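Asker: Chain by chain, the residues:
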Amino acid sequence: MIRSIAHKEFVSTLRDRRFLVLSALVLALLLLATLVGRRSHQALQQERALAQHTVNDQFQNQPARHPHRVAHYGSFAFRPKSGLSLLDAGVDSFTGAVVFLEAHHQNSVNFSQAQESGSLLRFGETTVAFVLQLLVPLLIIFLCFGAFGEEHETGTLKLLLSQGVTLRQVAWGKIRGYGQAVALVVAPALALAATLLFVGAEYAAGPDLLARLLLFVVGYAVYFFLIIVGSVVVSAWQRDSRTALVTLLGFWMLGGVILPKATANLGATLYPAITKAQMDTEVHAEAQKGMNGHDPQDQRSAALKEALLKKYGVDSEEKLPVSVGGLVMRESEEYSSRVYQQHFAALNATYERQNAISTWAGLLNPYQAIRPLSMGLAGSDFAHYVHFQEAAEAYRYGLVQRLNMLQAGMGYGDKERRLGAETWRQLPVFNYQLPTLAWALPHLLLPVLSLLLWAVGLSWLGLRLISKTSIV
Amino acid sequence: MNYILEARELRKEYPGRLALRGLNLQIAPGEVFCLLGQNGAGKSTTINLFLGFVAPTSGAAFVNGVEVAAQPLKIKEYLAYIPEQVMLYPHLTGLENLSLFSSLAGFQYKEPELQAYLARAGLSTEAARRRVGTYSKGMRQKVGIAIAVAKHAKVLLLDEPTSGLDPKASNEFSELLRQLSAEGTAVLMATHDIFRAKEVGTRVGIMREGKLVDVRPTAALNAHELEQLYLTYMHD
Amino acid sequence: MSQLTLFRLLLTYEWWHFRAARGLVLLTGLLLATGLYGIYYGTTEIERQRQHLATLPELTHHNVAELQQKFPDSADAGEIGYYHTTYAAHHPDAWAALSLGQRDVNPYYVKLRLLGLQAQLYATDNVNPVKSLSGNFDLAFVLVYLLPLLIIALSFNLLSSEREQGLLPLLLAQPVRPALLVGAKLAFRMGVVLGLAWLLSAIGMGWAGVPLDGRVLLWLVFVTAYALFWFGAVLVVTALQRSSAVNAVALVGTWLLLVVLIPGLLNLGVAAARPVPQGLALTIKQREEIHAGWDRPKAQTMNRFFAHYPQWRDTATIRERFVWRWYYAFQHLGDVSVEPLAAAYARGLQQRFVLVEQLNVLSPAINAQTSLNALAGTDLPTHLQFQSSARAYHDSLRAYYYPFLFRQVPFTHADYAREPTHSFTSQPELPTAYRGLGKLLLTVAGTFALGLVLMRRRAISPR
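Residue numbers (the UniProt record's numbering), protein chains in the order written: chain A, 1 to 472; chain B, 1 to 236; chain C, 1 to 463.
Isolated chain A (complex conformation) (with noise of 0.2 Å):
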């Protein structure tokens, strides 16, 4: 009985124009947001790559310099969009693509497109996502928002149910026909970006891609089917469907636009940021005059040198195997970064007390449980990019730490030498691997908890709100 219900929708539905319209709009604008997103994202990867590919060149083929030189000289860290960021671009536009890695300093990461186009961007980007999150739902209003109110006013509600269906049958028949339409407008655009995906070779498709991909797609049919359910509880809710037309749109505002923002800033305000010039102030007097106040960095050398005489059994640095400078300077590398680390921590955390404000909102708004969900499986949400940034502090460390030890080896008087050329080329270059997805799904918990707690909780109290609707 639900599927000839089913049946009726979706035919009805196919066969009424303005539908047809409004979908072929949509549809439109899925598949140019598909194939424009896929343009900048192989523009922004190619440069991307290229830099890097030029970067590392040069790091590999430096001339014969002192490994501390070669510390300063540096390299950069370019960061790699996710294949998936081609549906959703996320928090992307608004983190910087490129940050210089040297020694002593954690640098910002720098050149965000934010910053390279004016307030226009600030009105949203067209991406595949932000289609599916936003305009979707507009069209599932539109399709349902007379699900009931249009068969209780033209009475067809009545002979329905005297051929011995219930509401609850009626109600799932439409979900089920709304469903099959609904699917037809976004399962062409999501099969063009999976071919996309999956055909295109500078996408590392393979098991993780795919499994994100899967998900993405549950994760767009769960949000889908509670919209599509919201709206038919709504048309159920409010008889007239005038009404129930406007109630929704206020819904839809309320959660695609005001509410968004609204927690976002209430984030900011109540767990203010520091500012990079405070942080690098502190940093700097923290490795300066010790953690806590204790043991300033003079000391913690003279304290490295003292126990490298000891250790040597000599009186002075020039007999010491060692370059003192070397070991000094990893010595306070190492103390700086440890130092570094934890403002960074600290820094991150309360962002991510910020964000939190956001996504707990997703219990409330189901646009902010599809968000932060989708940018984390496309790889293009905050904990893909502090992972990116801690990939690149974690290799600038390394790096600068090996070029320490290379200079330590050097012995006294390494300032007047310098190591060969081929010295460089065995250093490993920065090769940033995306996070898996087994990596990212524990920071999703909650965004999935608050779909599945929506479409199981409007499945079930809604459907009763509607069963229990008066028929007369």
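It should be emphasised that the hints constitute simulated quantities derived from the structure, not laboratory data.
Don't take every hint at face value.
[Unchecked claim] Pair ranges (Cβ atoms, derived):
(1) C/Leu-9 - B/Tyr-14: 52 to 60 Å
(2) C/Asp-73 - A/Ala-307: 27 to 35 Å
(3) C/Gly-269 - A/Ala-356: 34 to 42 Å
(4) C/Gln-68 - A/His-104: 18 to 26 Å
(5) B/Glu-175 - C/Val-25: 52 to 60 Å
(6) B/Ser-174 - A/Leu-254: 54 to 62 Å
(7) C/Leu-355 - A/Thr-436: 37 to 45 Å
A quick note: this is a predicted structure, and the numbers were derived from the prediction, not measured.
Ideal Cβ placement from N, Cα and C applies to all residues, glycine included.
Starting from the structure of chain A, add chains B and C where the hints point.
Answerer: Below, chains B and C alone, put in the same frame as chain A:
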């Protein structure tokens, strides 16, 4: 005797309004019972109670011996309903509408069978293939009748079925009712139309302010007497 | 009854209707509340930026104190230039609190050392990208995004509700011209919306403490014209005389098109039409240039430097293994080598902005956002101005240190205080705002003209 429809002390109270005050009614198979009365007399409420669309405040309605409130789905197997205004799904054809409603009632008909039901209700094969959005009221009414007939129900509930139909369509409708009645189908019809009631009804009941104030066999009355009776009860 | 009396009477009835419609009163109250929150958020955000900017001189003081401790006597200016940090600060205009623009995305200060500028100029501040993605909830957002929605909610059934309730035949049976009826209904809603917009603007201006200059009027005129544009859209839709549901869909569709779709598509189009020469290339090239300096013969480096700065040509020839003035010379040459790239980068960004400004006729919402940002001095051009002022500041630092370096004058404790400092306050981009206003007024006139023509062409039908 087995009644197909029965109401026992049926009461329905809406907030601030008593719609039905203790209705007792029995209708046997093959009977055509016409409920006459003004707007608000309780005719539609009675039909809605038999359909299970509203719950009685007290008392009980039975269809084929089954209590409506207890098994609201079961009783729908015995009933067919034609509302005052048959509004169907405008984007589907007449055939598709009939097919949909029949399948909901558990009947999977093939197209020739569906066409036959529509033809019996008076709808042409050509019209059956057009979308209902293009139909006149009378054509929609015919599809509604076909839906009821195709269900092979034991009883037909009709709410003002002929209002707004032209005389020819009304006559065809009456003829169909007589045929169904002859086959043993019971009919409960709410109407304003005393002449139609006299023509097709076996009994008429007059309702006033939620009460069945008088019940007469139509055979014992002529049209004039019926009109007099109606006016007596409707106007103090 | 005179038309004026009748008009007043109709307004009174509208007021009764409005008062009775709980939902609408609630919605208006909600917009007032969101507006107040927007003002609160904008002012606190700018206040926080001001506080952060205020700590920068302190940070510089700490740094100087540390250096004075490190170098108890006079020092080589090269050491100071290397370890000394100072800041170029971009102070907000008071108006920025009402329209934050790109101030949260673009850094509002730059930390500078005497080293090559191009490696420092594009450093960003700590930013939470999730927050940037969600955007700012400032007064401009409330006025540009949400006010149209209130207008739509108040007016989508301007006449259609009466028609649907069957009241229109009764109304039109009275000696009232339909135009007067529509006029009174529109006028009442305009009164509510504009009153709200002006009230919020006045509160925002007071709260942010803006100077009472011509911009107050400019802001008010702009906001009024923007609201009028949406009423023009309402008039057009009303003149088409469709059902309430169709009107709602048409108006929300217009909102979606102008506020969401056109900006998004325009952003894609502009990025494709005006590709910006990459900042990445600039950074890489500058590093290569600077570090090659270590490996090149010193005389070669110095001669190239002297070609740009002949005033230092007569200084002593470098024979040492390392000397600071040589170091800073190749740092400087690194900047010189990427100057064309840097200029092209800045020019590319500016051209993008100009193209957006030219195309903002396509959407009054984009026009409103860019113009309000221009009025507040919070968009890209202002940031580019700040960057060029930071560049000038860095030049002045060089000019200050070079005599110490090239004449080998010791840097004393007193010299720290004589170092130039930087301060830049956003300037409004008034020409942009005026051009925006001109275009907006034309759009408003066009929309109303269309509405009136449609109205005249088809008499209002009661059913």
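Asker: Of the hints stated earlier, which fail here?
Answerer: 1
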